[in-house]
Amino acid sequence: MKENIQEQVTNLIKSALKEAGLDPSLSEELYLDIPAESRFGDLSANVAMRLAKPLGKSPREIANNLIAEINKQIVKSSLKDDIKEIKVEGAGFINFYFSDKYFYEQLQDIVKREKESLKVNLGEEKPVLIEFVSANPTGSLSVAHARQAAVGDALANILNFLGFQVKREYYLNDQGNQINILGNSVELRMKELAGEKIEFPENYYQGEYIYEIAKQAQEKKIATRDLGDFSANFILNIIKKELDDFGVKFDYWYSQKALEKSDKIQKAFEYLKKKGFLYEQEGALWFKSTAFDDDKDRVVIKSDGSYTYLAPDIAYHDDKYKRGFRWLINLWGPDHHGYISRLKASVAAFGRDPDSLAIVIVQLATIFRDGRPVQMSTRRGEYITLREVLDEVGRDAARFFFLMRRTSSHLDFDLDVAKKQSSENPVYYVQYAHARISSIVRNSTLKLNKDTDLSVLKEKEELALIRKILQFSYILNICLKTRDPYMLTVYLQELSETFHKFYDLHRVLSDDAELTQGRLCLIEGTRIVIACGLDLLGVSKPEKM
RNA sequence: GCGCCUGUAGCUCAACUGGAUAGAGCGCUAGCCUUCGGAGCUAGGCGUUGCAGGUUCAAGUCCUGCCAGGCGCACCA
Numbered sequence: 001m002k003e004n005i006q007e008q009v010t011n012l013i014k015s016a017l018k019e020a021g022l023d024p025s026l027s028e029e030l031y032l033d034i035p036a037e038s039r040f041g042d043l044s045a046n047v048a049m050r051l052a053k054p055l056g057k058s059p060r061e062i063a064n065n066l067i068a069e070i071n072k073q074i075v076k077s078s079l080k081d082d083i084k085e086i087k088v089e090g091a092g093f094i095n096f097y098f099s100d101k102y103f104y105e106q107l108q109d110i111v112k113r114e115k116e117s118l119k120v121n122l123g124e125e126k127p128v129l130i131e132f133v134s135a136n137p138t139g140s141l142s143v144a145h146a147r148q149a150a151v152g153d154a155l156a157n158i159l160n161f162l163g164f165q166v167k168r169e170y171y172l173n174d175q176g177n178q179i180n181i182l183g184n185s186v187e188l189r190m191k192e193l194a195g196e197k198i199e200f201p202e203n204y205y206q207g208e209y210i211y212e213i214a215k216q217a218q219e220k221k222i223a224t225r226d227l228g229d230f231s232a233n234f235i236l237n238i239i240k241k242e243l244d245d246f247g248v249k250f251d252y253w254y255s256q257k258a259l260e261k262s263d264k265i266q267k268a269f270e271y272l273k274k275k276g277f278l279y280e281q282e283g284a285l286w287f288k289s290t291a292f293d294d295d296k297d298r299v300v301i302k303s304d305g306s307y308t309y310l311a312p313d314i315a316y317h318d319d320k321y322k323r324g325f326r327w328l329i330n331l332w333g334p335d336h337h338g339y340i341s342r343l344k345a346s347v348a349a350f351g352r353d354p355d356s357l358a359i360v361i362v363q364l365a366t367i368f369r370d371g372r373p374v375q376m377s378t379r380r381g382e383y384i385t386l387r388e389v390l391d392e393v394g395r396d397a398a399r400f401f402f403l404m405r406r407t408s409s410h411l412d413f414d415l416d417v418a419k420k421q422s423s424e425n426p427v428y429y430v431q432y433a434h435a436r437i438s439s440i441v442r443n444s445t446l447k448l449n450k451d452t453d454l455s456v457l458k459e460k461e462e463l464a465l466i467r468k469i470l471q472f473s474y475i476l477n478i479c480l481k482t483r484d485p486y487m488l489t490v491y492l493q494e495l496s497e498t499f500h501k502f503y504d505l506h507r508v509l510s511d512d513a514e515l516t517q518g519r520l521c522l523i524e525g526t527r528i529v530i531a532c533g534l535d536l537l538g539v540s541k542p543e544k545m
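Each residue of the first sequence is one higher than the one before, starting from 1 at the first, in the working numbering.
It is possible that part of the hints are untrue.
[Stated by the list, open to error] Straight-line alpha carbon distances no greater than 27 Å define the calculated DSSO-like cross-link-like pairs of lysine-lysine that follow:
1. 101 <-> 447
2. 115 <-> 544
3. 72 <-> 84
4. 119 <-> 249
5. 261 <-> 288
6. 14 <-> 112
7. 221 <-> 257
8. 241 <-> 273
9. 115 <-> 419
10. 288 <-> 273
11. 191 <-> 221
12. 167 <-> 274
13. 450 <-> 460
14. 87 <-> 76
15. 53 <-> 76
16. 72 <-> 167
17. 264 <-> 274
18. 53 <-> 87
19. 450 <-> 119
20. 18 <-> 53
21. 167 <-> 302
22. 501 <-> 112
23. 302 <-> 273
24. 101 <-> 450
25. 275 <-> 221
26. 72 <-> 87
27. 302 <-> 274
28. 84 <-> 18
29. 18 <-> 241
30. 264 <-> 302
31. 322 <-> 126
32. 72 <-> 18
33. 249 <-> 481
34. 14 <-> 115
35. 126 <-> 84
If you are wondering where the hints come from, they were derived from the structure by calculation, not from laboratory data.
Input sequences plus hints: build the corresponding full structure.
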């Protein structure tokens, strides 16, 4: 693929600034974006407006001077044939209009090299560990976990596509209080099943599935002290199956129990002690997180000698870096946001850049059925599970819906809409575009000729479609910057819409062989991009529906 | 009380690092099937962007205050 045209244009503007005798540092203000409407060109620069004040000149005057300079330079550059026109518009925007030739070349490249042509290497093989879901193995995954799974997996796919070396990890909380309570819950249910009269505490696990585990434990004659592990393992297998059916595969399952058995926590503490970040007070051991922007210091070893949750977590994150990862991404629920500063503090205490740990807070989703929110109560063990959503709407709709809103925003998930097979349902809308294109290509008597002359594509809708196709990598870039795959779902809907509009006005298959060939390439290019986007989201791309 | 998130059309949401006339879908109304998949397309109106100030050439976006909602503030995990 050619050097990114945005970079080239940026460089062009920078050197024009220099030639115009302007302070090069002013170009720091420079930025380009793709205008919302194509009537403002394909790329738009706002430098002139940024420079108006420091230079004491009007933005349009500056813009005109810059354009004159750019025009001089462009003749010598490789952009000569790619840019058709540069205009000052509005308050002083410098708008670049790409040539049709540029569009045809790019489209041809996509049709020929398919997915490979869409890749942009931004990650430079940087090893990234993305940790998500990490739910305690004490019950089925909830919709909150489901959303994290969808977001984490799609984000991992996107980063991988952009050239990062991504691994997915699930931190397994297989030891501690919750597991003990789980074991006790099962023990009590076993007694109940055996006919004993019991009183079941409120903080025990209330769900029906505890009976099922109790039955199994009875049959297998599990010793009482092993009930916690047995139950956790039993549930873990359920979770693994749920994730598998959701299409999410983890590279690593990191056991907290194994971590605590190792000497990693002691080693980490020794280091922190040496650096003076640990101290004793009131019989407990404290981590001096206030040295790194935390509100207060945090206990790591309680006065009864046991670890707090933070202790293994400090060692765990130290270990992530020691395993060679240079960028850590954690997906957490909103209830954990107060935990961010102390974990980042621990990263900083090891002398690492706290920004190399990114915490993405995944907001909750509310499930709607028949137009009303479905009430949940974790206390009674009543909550909508990933399994139920999967059974009800299927994997594709579930994954797409969980990604449809910005990750940091609350999401309303309407089960009734997710089940609909109409334009109301965005998943079907996008998949339908893919299936429709597949069908046309299948029905064509002419075989797709990837070398055909694309300059037959002159209609407004055809060029609009190419323009949209070419925005794909720009969109992935936004996903990277925002660490959020959601923009891709918006883009795929827009791309599908642009395609449907084209389709409605123009016939692909006609008596005109050259036009037919050109349009076959156009829709095939569209299909390749949609397919690639759906792959990244973990949604299937049907050729027939 | 302190901290984080949210507040945009009747509803669900967009608006990418501040950028051009704040956009989509649903719902409502009226159209488009002898043609490649109608699971599609076209047209119609819906706004004091919670309120009040401020910064800026430019504010839904940034800052301050207030109002409303959600979440968090453990020697729980």
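To see whether the hints hold, each was checked on the structure:
1. 101 <-> 447: The given pair, whose Cα atoms are some 24 Å apart, holds under the 27 Å limit.
2. 115 <-> 544: Holds: residue 115 and residue 544 sit about 21 Å apart, inside 27 Å.
3. 72 <-> 84: holds, 14 Å
4. 119 <-> 249: Holds. Residue 119 to residue 249 sits at ~23 Å (cutoff 27 Å).
5. 261 <-> 288: With Cα atoms ~25 Å apart, residue 261 and residue 288 stay inside 27 Å; holds.
6. 14 <-> 112: Since the Cα atoms of residue 14 and residue 112 sit roughly 33 Å apart, the hinted pair is violated (cutoff 27 Å).
7. 221 <-> 257: holds, 23 Å
8. 241 <-> 273: It is violated: about 42 Å lies between the C-alpha atoms, which goes past 27 Å.
9. 115 <-> 419: violated, 30 Å
10. 288 <-> 273: Holds, because 10 Å separates the two Cα atoms, which is no more than 27 Å.
11. 191 <-> 221: Given that 27 Å is the threshold and the Cα spacing comes to 13 Å, the pair holds.
12. 167 <-> 274: Violated. Residue 167 to residue 274 sits at ~32 Å, over the 27 Å cutoff.
13. 450 <-> 460: The given pair, whose Cα atoms are some 22 Å apart, holds under the 27 Å limit.
14. 87 <-> 76: Holds, at about 19 Å.
15. 53 <-> 76: Violated - the C-alpha atoms of residue 76 and residue 53 are around 31 Å apart, more than 27 Å.
16. 72 <-> 167: violated, 48 Å
17. 264 <-> 274: holds, 15 Å
18. 53 <-> 87: holds, 21 Å
19. 450 <-> 119: Holds - the C-alpha atoms of residue 119 and residue 450 are around 19 Å apart, at most 27 Å.
20. 18 <-> 53: holds, 18 Å
21. 167 <-> 302: violated, 33 Å
22. 501 <-> 112: With Cα atoms ~25 Å apart, residue 501 and residue 112 stay inside 27 Å; holds.
23. 302 <-> 273: The hint holds at about 16 Å.
24. 101 <-> 450: Cα-Cα ~16 Å, so holds.
25. 275 <-> 221: violated, 49 Å
26. 72 <-> 87: holds, 14 Å
27. 302 <-> 274: holds, 20 Å
28. 84 <-> 18: holds, 23 Å
29. 18 <-> 241: violated, 60 Å
30. 264 <-> 302: The hint holds at about 18 Å.
31. 322 <-> 126: Within the cut-off at roughly 14 Å; holds.
32. 72 <-> 18: Measuring from Cα to Cα gives roughly 13 Å; hence the hint holds.
33. 249 <-> 481: holds, 24 Å
34. 14 <-> 115: violated, 32 Å
35. 126 <-> 84: Not satisfied, since the Cα-Cα distance of roughly 37 Å exceeds 27 Å.
In terms of the numbered hints stated before, the structure departs from hints 6, 8, 9, 12, 15, 16, 21, 25, 29, 34, 35, listed from lowest to highest.
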